[in-house]
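With the hints as constraints, model all of the structure from the sequences given.
Chains X and U, in that order, give the protein sequences.
The numbers in this note's numbering rise by one with no breaks, and the one at position 663 of the first sequence is 663.
If you count the second sequence from 1, you need to add 1000 to reach this note's numbering.
The hints are simulated quantities; they were obtained by calculation from the structure and are not laboratory data.
Using N, Cα and C, we set each Cβ at its ideal position, and we do this for glycine too.
Treat the hints with care, as some may be off.
[To be verified] With the Cβ distance kept under 10 Å, some of the chain X side facing chain U (calculated, not the full set):
| # | residue |
| --- | --- |
| 1 | F406 |
| 2 | V455 |
| 3 | R532 |
| 4 | R564 |
| 5 | S566 |
[Unchecked claim] Over the 10 Å line for every Cβ pair with chain U, so calculated as not near, a few chain X residues:
| # | residue |
| --- | --- |
| 6 | L28 |
| 7 | L116 |
| 8 | F209 |
| 9 | Y330 |
| 10 | A443 |
| 11 | K477 |
| 12 | V594 |
| 13 | S600 |
| 14 | L634 |
| 15 | Y653 |
| 16 | S657 |
| 17 | I662 |
| 18 | F663 |
[To be verified] Quick look at which bits of chain X chain U covers, simulated, 3 or more residues with Cβ under 8 Å:
| # | region |
| --- | --- |
| 19 | 190–199 |
| 20 | 392–400 |
| 21 | 427–438 |
| 22 | 548–557 |
| 23 | 576–583 |
Now for the letters of each chain:
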Amino acid sequence: MANPTLIDLVLWVISGWLVIGFLGILTLHKFTFVARVLFPLGGVGGLILALLALRSLNSGVDENRTLPIGLPQLIFHLRLDALSSFFLLVLGVVIFGVSIFSAGYFRNSAGTAPGLLALEFHFFIASMALVLISDDAYVFMVAWESMAMSSYFLVTANHKMPKIRAAGFLYLLVAHIGAIALLLSFGVLQANSGDYTFSNMRIQSLSPFWASVAFVLAVFGFGAKAGILPLHIWLPEAHPAAPSPVSALMSGIMLKIAVYGMLRVSFDLLHIHLWWWGVLLLVLGLGTALFGVIFAAVQSDMKRLLAYSSIENIGLLFSAMGLALLFYSYGMNTIAALALTACLYHVAAHAVFKSLLFLVTGSVLHATGERNLGRLGGLIRFMPWVAWLAFIGVLASSGLPPFSGFVSEWLLLQSFLFTPSLPQPILNMFIPVATASIALTAALAGYAMVKFFGVVFLGQPREEKLNHAQDAGLFEKIGMVWLAVVTLLLGLLPNLTIDLMEPVMRVLVGQGLAGESKSHGWWLLTPISIERASYSPVYFLIGIATAIAFTFILVRILYHARLRRSAPWAGGHAWTNSRMQDTAEGYGQPIRQVFEPFFSMKRQLPKPDDLEPKYEVIVSDKFWEGLYMPVVRLTEFLSALVGRLQRGRISIYLLYSFITLIFLLLLVPGVKI
Amino acid sequence: MILRQIFLQSIVSGASLLLAPLLMGWVSQLRAWLQNRKGPGILQPYRALHKLFNKDSVMADTASPLFRFAPYLVFGCMVLASAIVPTFSTELPLAKAADAIALVGIFALARIFISLAAMDIGTAFGTLGARREMFVGFLAEPALLMIFFTSSLIAHSTSLITIVHSLTGSSFAIYPSLVFAAFAFILIFLAENARVPVDNPSTHLELTMIHEALILEYSGRHLALLEWAASLKLFAYSSVGIALFLPWGINEAGSDISFLYAIPLFIFKLFSIGILLALIETFSAKMRIFRVPEFLATAFLLAVIGMLTYILLGA
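Next up, the structure:
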């Protein structure tokens, strides 16, 4: 092999991760080696992968490779095209940050041994990368399942706690129900040809009915992984259970792998596109986004809050995808490309800032041992690094200019504003409502993020032990700084990122944004034309920075008043304490009041004469009671019925086998008894 | 050409910086007159700012750098906001950097910073104010966005300059969709600028206050900056109102002579908005905080109806 192609190099990185994983097995309990050598090595692999993907996006590579492993007739088909390269780039960038962070994060504690953890971790990232380059349903499902399994073991790393085992079980269950749907979807897509390669699926011409069946099954399967309503139920359970770097990977990348699958199936593999598919995705996405953000605003556990916020972001991604599909089905490829650009931009932005925020929760958890917002507070004084890095993530997540979340929100709103030209009047009526819910979601995201940052890092510490909280260690800092820097760059240089997406658009909808984004210079984002809309984060930042600098200098020169420090005003009382601050529950109260029908709440209010007043409110998901519990009860009922057959006596079981055999013989034609 | 643009931009920004406290003073003076009081005079906000800038600033021991930085950022945001909204001229080079959506983003950025700063000290008032401010914001922000979208649909653009161009070009035609948007805008205008019936800028009553609770811990120059930022916000919102609903007579690029009437006309419109605001504030009563969501939801729905109307009627 004189001149290795890019896909070979990608495969080398993937095999490298597997080797690192197995080295972990060999050094099962050598904690220092695993943490300080294996994890950073895996991170370097991520960086190499990102560079390879960048190279592939720039040179427009489309490479195929077959590997003669697996079953005799089923060799592995792999392919590296622009779509997979883009997702590999995001994957590599995030993995570098998370792996470096992990080097300082994992402690030698109870639960899974460090070496085993390294194996699961690297197996997880390797299988995610393999999903992205697979080119037949067989490799796809193998990689998909190993991704689910390895992440299950990672979620249950702390498996001594029953609650974590339960969360892991729920995750595994939903993942497998989704996987079945995917398997069926691929089965429909190959259209009885018996050939499961993606290239074969592309040339099959399915009838609209069967194409819709494949599409709906794919929505179900990928939606279960991504956390689309009502299959979101595992996310808020699994994230608090998992170690923080694992949450970062799951929320940052694994959910995006599901988005990748959805894009691959709906734009690449299916050759016809019906308008109602777009509407289905749009409605599901909007519902999920609004639901997620409302629940995020009322959570009291910081990782649950972020998990619900991930649900919200996945909803936004699906609605962008739905909008693109809707346009694409009517042949409006330019606008479809705009909506898809918004989608992909948000994939990148969310992957980075959400991983950053999950890593932040990890550092906070280590420093304080608390996940509950009600026992945190004031950490900006003890952990300034973590706090300021979290601040960048929070601003990006709230969709504020000039940060990364705003760019995708802006692009998404622009593509919504383009809509009143659809052939269906009823759809045109639906668009303003959809736009309104996107706007509402974005504003509520800010609310939830202010709650997250304000309650954890600002105010007074709500517990005594927080006064001794230590800032993050060196490795943790490097990992988080990397992600924060990428977040800032994504916010400030949208044009460079959108240029990278150009080949991806050509794969998905046949055309990009026609170079319009470049025509006014790298600093000005003009997706359609300069008269229609323009946004320049660099100018924006310069504008604000100049205003601030001028003000600061002028105030200094013209006025010579000093700054005095004193105790805060106690509001006329003799003293204040940290319990007088607003709590996380208090902060969520307006949302609970306004959106009351969404929640099922259990409140416990103290009596006026209580000496130890205890206030408690438990907000739970109506989907548990309304949808999941009936299914659980039905399953239990059916299993009880089936259970009656089990008598525990071997003769009875033999009788069953005998009856079954007779029955089967009756069915076989040509056998006369 | 570039020099001219920079010159114009600084004229506009300087004018808004100086005019903003005047608008605030005008509204308070009018309110005083309507309530049969003598009033402090229209220049009172300048005197207050001067006084505050000269005073020492007292800051809580536990305040973090975020708390110190927030007034400057909020002020910077408001300067930028008033720099990109077309007032009497549409030649604004900075307006390319941020369109209507980004303008809403600027207001949100300022809101989030000041809310976080209020939570920083950890007193009951600050956190209460922060919570209420975000609460008003999460309903007002999408409503404002929808108002912009209605006009964007008319103008086929989200650039504020293009919106003003296309609205002035349409002579005095009244768009039914803009009527809904205008009503929604008035409600948002009151809520976002901490005015009666949502908030009262002239009391410190703990049951009702929002804006004053947020900035309770600030003093001296920081408070001065925040007060100035508040008046700039009022100014920016008034300019948005003028740009969207009363754009006629604005100076479009090219003719310098039309500045002669564009500037007085703008000041006239601004003072008329002040009269409207003072009248509304005098004739309405402050409502309970729990009624605020209904108030804002009305605004939101009106704005959505405006957009729907445009799509139904095409006007």
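Structure-based check of all given hints:
no.: 1; hint: F406; result: 6 Å, holds
no.: 2; hint: V455; result: 8 Å, holds
no.: 3; hint: R532; result: 5 Å, holds
no.: 4; hint: R564; result: 5 Å, holds
no.: 5; hint: S566; result: 6 Å, holds
no.: 6; hint: L28; result: 44 Å, holds
no.: 7; hint: L116; result: 41 Å, holds
no.: 8; hint: F209; result: 32 Å, holds
no.: 9; hint: Y330; result: 17 Å, holds
no.: 10; hint: A443; result: 4 Å, violated
no.: 11; hint: K477; result: 18 Å, holds
no.: 12; hint: V594; result: 5 Å, violated
no.: 13; hint: S600; result: 21 Å, holds
no.: 14; hint: L634; result: 39 Å, holds
no.: 15; hint: Y653; result: 62 Å, holds
no.: 16; hint: S657; result: 64 Å, holds
no.: 17; hint: I662; result: 67 Å, holds
no.: 18; hint: F663; result: 62 Å, holds
no.: 19; hint: 190–199; result: violated (count 0)
no.: 20; hint: 392–400; result: holds (count 4)
no.: 21; hint: 427–438; result: holds (count 7)
no.: 22; hint: 548–557; result: holds (count 4)
no.: 23; hint: 576–583; result: holds (count 5)
Consistency note: the structure conflicts with the earlier hints numbered 10, 12, 19.
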